[in-house]
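Colleague: Listed below, chain by chain, are the residues.
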Amino acid sequence: MNCLDGQIVNLISDKNMTIIDMNVSGSSLKTIIIETFDTASFLKIGNQLSVMFKETEVNIAKDFTGKISFQNRLNCSVKSINKGKLLSQITLNFHSHDISAIIATSECDGLELKENDTVLALIKATEIMVAPKC
Amino acid sequence: MIQLSLYKTLKTSDGDLPLDINFQINEGDFIILEGHSGAGKSTLLRLIAGLIKPERGFIKVNDNEWYNSLNNFFLPPQKRKIGFVFQDYSLFPNMTVLQNIEFALKNKKDTAHLKEIIDIMELEMFKNRYPETLSGGQRQRVALARAIVRRPSILLLDEPLSALDSGMRLKLQDFLLIAHRNLNLTTIMVSHDISEIFKMSNKVIRLSKGKIISEGAASNVFTQYYISGKFQFTGDILHIENSDVVNIVSVLIGNNIVKVIATLQESESLQPGDKVVIVSKAFNPLIIKLQKN
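Protein chains in written order, with my numbering: chain A, 150 to 283; chain B, 356 to 648.
Chain A with its partners taken away, still in its complex shape (with noise of 0.2 Å):
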């Protein structure tokens, strides 16, 4: 999985579901999830989290113009390509973190990625999960 450090910057609730807002080396990182303050007490602006999501939850866009819903659109670049038969890994650089992305190797190849070329990785609110740190 990722795993990065955020701090909380906003956070937005309702009943049950709370949006954070999240700041990760400099970039805004939004997630969703059910929980509350009175649930979960860590839910404080200013508290570090650590940001978790799956590499299959990653999508990579190249020279993007337009609209998109995905809430989280961070600036990469691409940092090495292991290709497979069906799908392929691709580290990206994050503010010298790796961001690791699994896509299909077809979207790979049509995007045409190569090694330093400038990405969106694009990952929706409601594939991160937040922990604590302790």
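Hints were generated in silico from the structure; no laboratory data involved.
Just so it is clear, CB atoms sit at the ideal spot from N, CA and C, and this is done for glycine as well.
Just to be clear, a hint being listed does not mean it is correct.
[Claimed, not checked] In silico contact screen, one side only, chain B against chain A (beta carbon under 10 Å); selected entries:
1. L527
2. Q528
3. F530
4. S574
5. H594
6. S598
7. V600
8. K614
9. E623
10. P627
11. V634
Please arrange chain B on chain A, whose structure you already have, making use of the hints.
Modeller: Frame of chain A, contents of chain B only:
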């Protein structure tokens, strides 16, 4: 609301240990007591039930006093509205399932309530059988049914699921949660299982050497185990198979084998036999209603 303050000297192999506990819980709470063996968890349940007499303190259940050392009042256990389930099933072997449950029913005419409990615990098809013909999980369902049919003010559960295999344990957890919610019970259960604590409780009380060392929501008490994903299951790795640029990890969860994709890098620290927790978010599973019959 249940308020208590209890003091009792425990005789342990390391000498006398003072049990000194104060807490209050709300109606409808599902409390889990956690702590090492000898911390005083079972003693605390027995003190609440009145099976052991405290040296001093009080127990107040809603507006009724069950115990108060100041005026030397001690309500005997048979007068306390308690349901108690232990690890061993302790059913009457000479009575059928139905007779076992009926035995605990206060008002014998309250057949609607009896039927409700039998339905919740799914015991209809076993009701004329004797305990010795039932599996461990079925017997424990009967024991639970017998405990809750009394409409207890507090349901006390002393590791009721720990003798069951993990598949049966998960199933019994579901029965217990349904009963707890549908009957608006107030439950205090002893458990050591982290995933059980997260699944069942709205409050955890951790005991050590007769004292409360922390209490609160599981996610606050066990922060080192907390991750926000709501789909969490613990299981054992059966095997790991390479496929393309990923590995497919087969994990036994209860009686089901699930498959999870892992990167080659994260597989380096995994091997068959390892205990793992599988986590996903509540947002991605599809939910599909099954047709009856």
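Colleague: When the nearest CB of chain A is found for S598 (chain B), is that gap smaller than 10 Å?
Modeller: Where the cut-off is 10 Å and the nearest Cβ of chain A is about 8 Å from S598 (chain B), the hint holds.
Colleague: For the hint on Q528 (chain B), just tell me whether its beta-carbon gets within less than 10 Å of chain A.
Modeller: 19 Å, violated
Colleague: Double-check P627 (chain B) for me: the hint is only fine if its C-beta lies closer than 10 Å to a C-beta in chain A.
Modeller: 20 Å, violated
Colleague: Closer than 10 Å between Cβ atoms is the bar; does F530 (chain B) clear it against chain A? Give me holds or violated.
Modeller: Status violated, d = 23 Å.
Colleague: Under 10 Å, Cβ to Cβ, is where K614 (chain B) needs to be relative to chain A, so tell me if that hint holds or is violated.
Modeller: 13 Å, violated
Colleague: Using Cβ atoms only, decide whether L527 (chain B) comes closer than 10 Å to chain A, and label the hint accordingly.
Modeller: 24 Å, violated
Colleague: Given V634 (chain B) as an interface hint, is its Cβ closer than 10 Å to any Cβ of chain A?
Modeller: Constraint on V634 (chain B) satisfied, holds at 7 Å.
Colleague: So, H594 (chain B) near chain A? Judge it on the closest CB pair being under 10 Å.
Modeller: 20 Å, violated
Colleague: Can V600 (chain B) be said to touch chain A, with a Cβ gap under 10 Å?
Modeller: Holds: closest Cβ of chain A sits about 4 Å from V600 (chain B), inside 10 Å.
Colleague: Under the criterion of a CB-CB separation shorter than 10 Å, is S574 (chain B) in contact with chain A as hinted?
Modeller: Holds - the Cβ of S574 (chain B) comes within 10 Å of chain A, reaching about 5 Å at its closest.
Colleague: Against chain A, with CB atoms and a cut of 10 Å, does the hint on E623 (chain B) hold up?
Modeller: It is violated, given that the least Cβ distance between E623 (chain B) and chain A is near 13 Å, above 10 Å.
Checked against the numbered hints given earlier, this structure breaks hints 1, 2, 3, 5, 8, 9 and 10; the rest are met.
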